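**Student:** All chains should be modelled from the sequences, with the hints used to inform the complete structure.
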Amino acid sequence: MLHLLPHQLPWWVAGPGIGLCVVAMYGLANVKLGVSGGWLQLLFALQRRPVTEPWRIWFNGGLVLGALVAAALGTAAVRGYGALGAALPASWLVPALALTGVTIGYGARWAGGCTSGHGISGCSVGSPESLAATATFFGVAVVVSLLVHLVTGGAV
Amino acid sequence: MSRGVRLTALLVGVAFGFLLTASGLGDYRTIHEGLLLQDPYIYLMMGATVLTAAGGVRLLRRRGRTALAGPLVLPRHPVRRSTVYGAAVFGVGFGVGATCPGITVAMVATGGLWGAVVLAGILAGLWLRGRAEPPARRPTTSSRAGGRSRRA
Numbered sequence: 001m002l003h004l005l006p007h008q009l010p011w012w013v014a015g016p017g018i019g020l021c022v023v024a025m026y027g028l029a030n031v032k033l034g035v036s037g038g039w040l041q042l043l044f045a046l047q048r049r050p051v052t053e054p055w056r057i058w059f060n061g062g063l064v065l066g067a068l069v070a071a072a073l074g075t076a077a078v079r080g081y082g083a084l085g086a087a088l089p090a091s092w093l094v095p096a097l098a099l100t101g102v103t104i105g106y107g108a109r110w111a112g113g114c115t116s117g118h119g120i121s122g123c124s125v126g127s128p129e130s131l132a133a134t135a136t137f138f139g140v141a142v143v144v145s146l147l148v149h150l151v152t153g154g155a156v
Numbered sequence: 157m158s159r160g161v162r163l164t165a166l167l168v169g170v171a172f173g174f175l176l177t178a179s180g181l182g183d184y185r186t187i188h189e190g191l192l193l194q195d196p197y198i199y200l201m202m203g204a205t206v207l208t209a210a211g212g213v214r215l216l217r218r219r220g221r222t223a224l225a226g227p228l229v230l231p232r233h234p235v236r237r238s239t240v241y242g243a244a245v246f247g248v249g250f251g252v253g254a255t256c257p258g259i260t261v262a263m264v265a266t267g268g269l270w271g272a273v274v275l276a277g278i279l280a281g282l283w284l285r286g287r288a289e290p291p292a293r294r295p296t297t298s299s300r301a302g303g304r305s306r307r308a
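Chains as they are written, first to last, in the numbering used here: chain A, 1 to 156; chain B, 157 to 308.
Treat the hints as calculated values from the structure; they're not laboratory data. Small disclaimer: the values here were computed from a predicted structure and weren't measured.
Listed below are several chain A residues computed to face chain B (Cβ distance under 7 angstroms; list not exhaustive):
#1 N30
#2 K32
#3 V94
#4 A111
#5 F137
A few chain B residues that face chain A, going by a derived Cβ cut-off under 8 angstroms, partial list only:
#6 A171
#7 S179
#8 A244
Think of the CB as a built atom: it goes at the ideal place given N, C-alpha and C, for glycine as much as any other residue.
**Tutor:** What follows is the structure, encoded as structure tokens:
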């Protein structure tokens, strides 16, 4: 592994960079950048159902490649699952994380998008639906995080 | 789908995955501390993303055409109940796991293999929601882009 990257890119580099990704997808390909839709297309492929938006699978494939490049260039390695992983034994952590994933996937499909599709791409064009979705999931996530923090006595 | 669109998706995907990962979002603490209102990083980053993208979209709108796929169509939709219900359910997982569908990849790529459990759960959740809704109403997350989108 190389050590070419800082511990964390400054927000004023990463933020505008991702903004340009959104603009590139609209301006070149006329599509809305989003990740959960790509996992849905992958699910269709696994189910042998027609893949209606093949570009999404290419996009998520690129996402995996880009993440691996960042890891190879020295992004700090992650161990365990933060405070949540430290608070729960592995026999609890697996079902807890699986259930967490289920709510994320279920909610994203119900809402028609996630942090990228609604939170970034939709909000950038001022879509009322995306603004409402983003305010809702951030609001709920902050309340849930603070509640878990409180209930666990600050452990998580 | 043209080869250009596929290549665009792949290359922009690489850039997006690189930036998500290099910004440390794959580390549970980054989003967790943001949601506990202890660290402003995720809000500053997301604000900078949306401002930059909104500025770029203004320029695109003036042009009105995309490079590879005809006249620009921007996804604008009214708020629906399903959006808010779904976002609330999403928010619970987002809050507990301090991760989201793209960030799980950043987690796994940097060695946080528990992220793969979350990602498997996400696929299961997408499938479950598909079972819960009538198939004709909303076959994909983004199929709504057709029809009701407003031209720029």
